[in-house]
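Kindly generate the complete structure, drawing on both the sequences and the hints.
Chains A and B, in that order, give the protein sequences. Reminder that position 55 of the first sequence reads as 55 in the working numbering, one-by-one numbering, no gaps. Count along the second sequence starting at 1, add 1000, and that's the number in the working numbering.
Simulated from the structure, these hints should not be mistaken for laboratory data. Beta carbons: idealized from backbone N, C-alpha and C, even for Gly. Some hints here could point you the wrong way.
Selected chain A positions facing chain B (in silico; Cβ < 10 Å) [said to hold, decoys possible]: (1) I5; (2) N146; (3) E174; (4) A246; (5) T247; (6) L250; (7) F269; (8) V309; (9) S315.
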Amino acid sequence: MDFDIAMLVTQDGISNGAIYAMMALGMVLIFNSTRIIFVPFGDLAAYAALTLGFFQLHQRPGTIWLVLVLSLVAFAIEATELVLRKATRRIWRPAFHWLALPCLPSAIALIVPADLPLAAQSALAVAIVLPIGPLLYRIIYRPVANASVLLLLTVSVALHFALSGVALLCFGPEGLRTQAFLESNLDVGQFSISSQMLMMVIAAAALSAALYFFFDRTVAGKALKATAMNRTGARLVGIRTHSAGATAFLIATAIAAITGVLISPTTTFYYDTGFMTGLKGFVGATFGGFVGYPAAVLGALVIGVIESVSSFYASALKEVIVFGSIIPIVLLRWLAAGSATPSDEVEEA
Amino acid sequence: MKSRHLLIVTPLVLSVLTSSAHADIKIGVDLALTGPNASLGIPYRKGLDAFPKEIGGENVTLIILDDGSDPSTAVKNAQKLINDEKVDLLIGSSSTPAVFAIAPVASSAHVPQIALSPVELGAKEAEWVVTIPQPGSIWIQPILKDMAKRGVKTVAFIGFSDPWGDLCFNSLKNAAPAYNIEIVADERYARTDNTVTGQVLKVLSKKPDAVFVGGSGSPGALPHLALAERRWKGPTYASPAIFNKDFLRLGGAAVENVMAATGPVGAYDQLPDSNPIKAVSAEFTKWYETANGEGSANGFAAYSYDAAKIFAKAAPLALSRAKPGTQAFRDALRAALREAKEIVGTQGIYNFKPDTAYGVDERSVVLVKVEKGTWKLVQ
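Okay, here's the thing in C-alpha cells:
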C-alpha cells in the first residue's frame, strides 16, 4: 500500500465512519434516555433517503401513509386512555400532539407541486420522517418502558423486521440514489476530497458537540439522563419521564433523517440498506462504551477505517473483521470496567 | 327417506369422482420476494404469470412462498411445499444460495425441480433438477473472446462475497487459461455494501488490462460507479445477472461501455430474423410490458417465462403417462423434462441432458455493450 492508496483508503474510511458516527450518536442518545438499543435506527435513515428519492422521481412516497396510520393508532391509544379516565374534555391535546402535528408535513407533501427545488424536497423528506420515531415510541415502547434492557432490545429487533418490511411495501425492492447537493471536490495538494464527505464529518462533529453540551450543561438534557438512570427517582423529583422518551426519539429521528438525506447522493439506498449501516454504528457506539458522545464518534470513525482497510487487504473477510472487532472491544471494556453505566438494572424495583 | 339420502349422497360421490379425475397439477414456488434478493425475486414472480392456467384438461395451480432471501427459510418452504402441499413440481429459487439449499430437498423427496438461478450440482441432485439460466462455462466464452481480441493479458475480478460471486470467479478462472489471460485480483463485496472503494483501489493497484465484475441486479452497479470515480478507462465486463433497467438507472454514465454476456432476450430486437429466439423474445416482451408497463421487460422474468415454456412442453407428455398428484406423475414429469427437445425460449434453446442441470448451448448467449443507456449487440 503506497501513500496515495493509504490516503484514499483512509478518506473512504473516514467518510463511512462519519455515517456510522451519526448512527452511533442517535443510538447512544436513545439508549442514554430510554435504555432502548434502537436497532431500527438505520431504517429511519433509509426512510428519509428513499422518501427524498421518491420526490425526485415525482412519485408520492409511501411514508406519507405510514405516518398517517401510525398517528391514527397513537391517537386512538391516547383517546382510549382519556375515555377510560373519563377526561374526554382534554381530547384536543392528543388530537393536536399525536394526530395533527405528525401529519402536517405529510399533508403538505400531498398538496405541493412535484417539482420542488432540491432543498425544499430534502427538508420535506426529513419533516415527513421526523414523527415516525416518537410515534413508534408512543405505540410500541411506552407500554413496556419499565421492562429490562434485554426485552427492549428484543422489541427493537422485531421492530426492525417490521420496519424493513414496511419499507419494501412503501418503496419497492429497487435502490435509489438522489441528486448531489454539492458536485465539486476540494483539491488539497494532489488529493481531491469530496465535499460530501467533508459535510458528513462536519455534521457528525457538530452534532456530537451539541449533544455533549445538551446532556451535560442543560436542565432538559440532565432530565433525560436522569430518566434513563432511574425512572422512579426521576418521577419523584418531578421529571415527566414519558415526554422525555418521546423527546429523545424526536432528536434521534432528526439525526437519522438528516443523515439519510445527506448520504443519499453517494449511497445507493435500498429498503433494507439502513440495517447494516445502523449495525456498524452500533459497533462504533460500543467502542465508545455506549455512554459518551465524543467517544461514540471516535469509535465509529475507527470502525469506518477498519472496514475500509480490511476491504483493501481482505475484502472477502471485511464484515467478519468489522463485527469481530466487537469482541476485543467488549473484553477490554469489561476488564477495564469499574464505572457503572446507566444500563444497570436498578430500575427493576 | 332412502331416496332423500340418495339425493344427498349422489352429488357428493360425483364430486369426489370428478375431483379425482381432475386432480390439479400443483406447482410449488419458492422465491425471494423480500430481502436483498427481492429485486430479482419480484420480476421472477411476475414472469411466472406466464404459466398456463390449464394444461391437457388439468388445472395448474401455483403455490408461491417467500423465503425472504434466506436459504434456510427456502429449505423450510421447499419441505412445506413437498410434504404438506404434495406438489408435483418445485420451482425456484431466485438466488444461487437458495437453489443450492433446496435442490437436495427436492431430489431426496423425488420431486422434479426447475431452478431459476444457475447452479453446479452433483449427479444425484442434477437427476431431479433442471435449471434455466446459462452456465458460467458458456456465458464466459464471448467475454473472454472479446478480451483476447482486445489483447487483454491480465484481468481483475471484483464480485459478490457469496455463491454467485464464487460462480462468476470460478467460471473466469476455469476458462481464462485457454485464452492466456491471467487473473491478477479476486476482490469481494457484499450485496448490501455502501462502498467498494477499498476493493477498487486494490484492483487498480494491480494494473489490470481489464476488469470483470461478478455482481447481480442493481447492487452489481456499485463497482462500476467506484471504477468510474477512480477514472478507470479500460474495458469492463459484467456477468449476465445485471439485466434490468435499474442497473442502467443506478449506473448512469458509469456503466457506459460496460460489456456483458446476456441471453439473447437482452438484445433480441437486434438479432437476425432467422434466429427463432427473436420471435419468442418479442412475444415475451410484448406480453410482459402489457402487464407491467413500458420498458419493464427484464432477463429475470424471461427465465420464468422460459420455465413456463418448458413446463408447457413437458407436462402433456407426463400427463399421458400418469395422473397428477402421484409419484408416478412426478417421475414422468422428471423424465419428460429431459425428453422434450429444442424448446425455444427467450434465453436460449433448451435440450436438457442427463447428468447435468443445464439445458442450453452457445446459442443462449450474446455479447452486448451499454451505449447511451441501452444495450447494444456486439457483432
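Hint check results:
A hinted interface residue such as I5 of chain A counts as satisfied when its beta carbon comes closer than 10 Å to some beta carbon of chain B; here the least separation is about 5 Å, so the hint holds. With a least beta-carbon distance of about 33 Å to chain B, the hint placing N146 of chain A at the interface is violated under the 10 Å criterion. At its closest, the beta carbon of E174 of chain A sits 5 Å from a beta carbon of chain B; the interface hint therefore holds under the 10 Å criterion. Hint status for A246 of chain A: violated, given a least beta-carbon distance of 30 Å to chain B, over 10 Å.
The beta carbon of T247 of chain A comes no nearer than 30 Å to any beta carbon in chain B, farther than 10 Å, and the hint placing it at the interface is violated. Given hint, L250 of chain A at the interface with chain B, is violated; its Cβ is 26 Å from that chain's nearest Cβ, farther than 10 Å. Among the interface hints, the one on F269 of chain A holds; its C-beta lies about 9 Å from the nearest C-beta in chain B, closer than the 10 Å criterion. Look at V309 of chain A: its Cβ gets to within about 7 Å of chain B, closer than 10 Å, so that hint holds up.
This hint holds: S315 of chain A has a C-beta 5 Å from the nearest C-beta of chain B, less than the 10 Å allowed.
Hint check: violations occur at hints 2, 4, 5, 6; the rest are consistent with the structure.
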